[in-house]
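Please work from the sequences and hints to get the whole structure.
Residues per chain, in single letters:
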Amino acid sequence: MSQKTRILIVVGALVLVAIVLTVYGLVAQRQTASAPASTPQPGMIHLYVDSTFAANVSPADMKNLPAASFKDTEQGKEQGGWWLRDVVRVYVKESQLTPTAQITVTGLRKGTEKKSVTITWAQVLDPANNIALDLTGDGQSVKLASTMAGLNTRDQWIQGVTQIDIQSKP
Amino acid sequence: MKQTQRYFTTFELILLALFSSLVVVSKIVLRLPLKLPGHSGVFWMAILVVARGLVPKPGALSLVGLTSGLLAAFMGLGDQGPIDTFLSYLTSGVAVDLITWFLGGMDNLIVAGLTGIVGNVAKMLVKLAMAILLQIPAGFVALGLLFSFITNAVAGAVGGALGWLVLRALKRAGFFAYLAEKQ
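Chains A and B, in that order, are what the protein sequence lines are.
Okay, so the first sequence: first residue is 0 according to numbering that gives the first Met the number 0, each after it adds one.
Okay, so the second sequence: first residue is 0 according to numbering that gives the first Met the number 0, each after it adds one.
If you're looking for bench data, these hints aren't it; they were derived computationally from the structure.
Be careful, since some hints might not be right.
To be verified - To give an idea of the interface, some chain A residues facing chain B are shown, with a C-beta separation under 8 Å as derived from the structure:
| # | residue |
| --- | --- |
| 1 | I6 |
| 2 | V9 |
| 3 | L13 |
| 4 | A17 |
| 5 | L20 |
| 6 | K62 |
| 7 | S140 |
Unchecked claim - Capping the alpha-carbon separation at 27 Å, the derived lysine-lysine pairs in DSSO-like fashion look like this:
| # | chain 1 | residue 1 | chain 2 | residue 2 |
| --- | --- | --- | --- | --- |
| 8 | A | K3 | A | K62 |
| 9 | A | K113 | B | K170 |
| 10 | A | K3 | B | K170 |
| 11 | A | K3 | A | K92 |
| 12 | A | K3 | A | K76 |
As the list claims (entries may be wrong) - The calculated label-pair distances, taken between Cβ atoms and stated as ranges, are:
| # | chain 1 | residue 1 | chain 2 | residue 2 | range |
| --- | --- | --- | --- | --- | --- |
| 13 | A | A66 | B | W100 | 38 to 44 Å |
| 14 | A | K168 | B | G75 | 35 to 41 Å |
| 15 | A | L13 | B | T9 | 36 to 42 Å |
These numbers were taken from a predicted model, which means no experiment stands behind them.
Even for Gly, the Cβ is constructed at its ideal location relative to N, Cα and C.
Shown next, in the form of structure tokens:
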């Protein structure tokens, strides 16, 4: 087999992978769009207010939010995504939240290991804390990142965010 | 007494070890101010392509992937934990190894670019498989897949081409003659 034929085979395989990913993406997009908003849907971030399911957080809802941008304190890398305060405001009226309202963000790591952090609404609002939901570097999951003490290293951040619980009156 | 010949010479192993550490160091030190999935592949694939050009033996890049993966995992690189980090590095190395073996070397720019694409996309696919296995919300995983594939492919192609240019410069500078002498 000539090298030219082999190159064509590799290009063909890459095109096939691109097609499979496109179809998979479209199917997932359709499922996301048609999912009922009143119940928690698998594959989405679930948002609860006072232990009651409130919404499935979806990327479509975040399209119009201002982009977050800050440098992390650990490695000085640029982090982006959406400010958590803006995401919460999409689903919950700010008048419902007192400064002491607690927001618990839960994520999955290494399969079944759950990890969560609880922060107050006042901490979320503080611009110095830079609390944001950020797409990971590979663009395949969402993490909670910040520069706030106690939540400013990769080990303390919440990877693979799956759930946000808001206790409006703790 | 008959002496068994080792597959890699000591000199080649030293070179591969150096390239393994270079892969990890590049991940820490070299940063592009881009928020695009897979953009680090520009440096990563360039180093792998150069390593494959200097040690043109099947298995060389798998060894670089394995060593750099272990190094990166122990150094705590990556956001998704050591298993994800280790598998990403290993997969890139093995993929570059397999593709250069299949394409029969690294003798032109197209092959080098294609090698970079396959190496970077393989890493992306492993990360995707891990995300699905870890049940990370697929609403976010799936929506940007094609975009992620394209950015990974472009970064890989640029990295592969850069690596090929470095190899060509080394060849012109007589480095390959020096290597042959060392062996």
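Original post:
Does A/K3 pair with B/K170 here, judged by a C-alpha cut-off of 27 Å?
Top reply: With a Cα-Cα distance of about 24 Å, the restraint between A/K3 and B/K170 holds, given a limit of 27 Å.
**OP:** Using the Cβ atoms, figure out if A/A66 sits within 38 to 44 Å of B/W100.
**Re:** holds (43 Å)
Original post:
Taking 8 Å as the limit, does the beta-carbon of A/V9 come near enough to a beta-carbon in chain B?
Top reply: Status holds, d = 6 Å.
Original post:
Given the proposed pairing of A/K3 with A/K92, does the C-alpha separation stay at or below 27 Å?
Top reply: violated (61 Å)
Original post:
Keeping to a limit of 27 Å between CA atoms, is the pair of A/K3 and A/K76 held or broken?
Top reply: violated (41 Å)
Subject >> C-beta pair A/L13, B/T9: status relative to the range 36 to 42 Å that was hinted >> reply: Holds, since A/L13 and B/T9 (Cβ atoms, about 37 Å apart) stay within the stated range.
**OP:** Grab the minimum C-beta distance from A/L20 to chain B and call the hint holds if it beats 8 Å, violated otherwise.
**Re:** At 4 Å from the nearest chain B Cβ, A/L20 passes the 8 Å test, so the hint holds.
Original post:
Quick one, is the A/S140 hint okay against chain B at 8 Å, beta carbons?
Top reply: holds (4 Å)
**OP:** Look at the Cβ atoms of A/K168 and B/G75 and judge whether their distance stays inside 35 to 41 Å.
**Re:** holds (39 Å)
Original post:
Against chain B, is A/L13 within 8 Å by beta-carbon distance?
Top reply: Since chain B brings a Cβ to about 7 Å from A/L13, closer than 8 Å, the hint holds.
Original post:
Does the nearest C-beta of chain B fall within a distance shorter than 8 Å of the C-beta of A/A17?
Top reply: Holds: closest Cβ of chain B sits about 6 Å from A/A17, inside 8 Å.
Original post:
Going by Cβ atoms only, is A/K62 closer than 8 Å to chain B?
Top reply: Interface hint status for A/K62: violated (11 Å vs cutoff 8 Å).
In summary, the numbered hints that this structure violates are 6, 8, 9, 11, 12.
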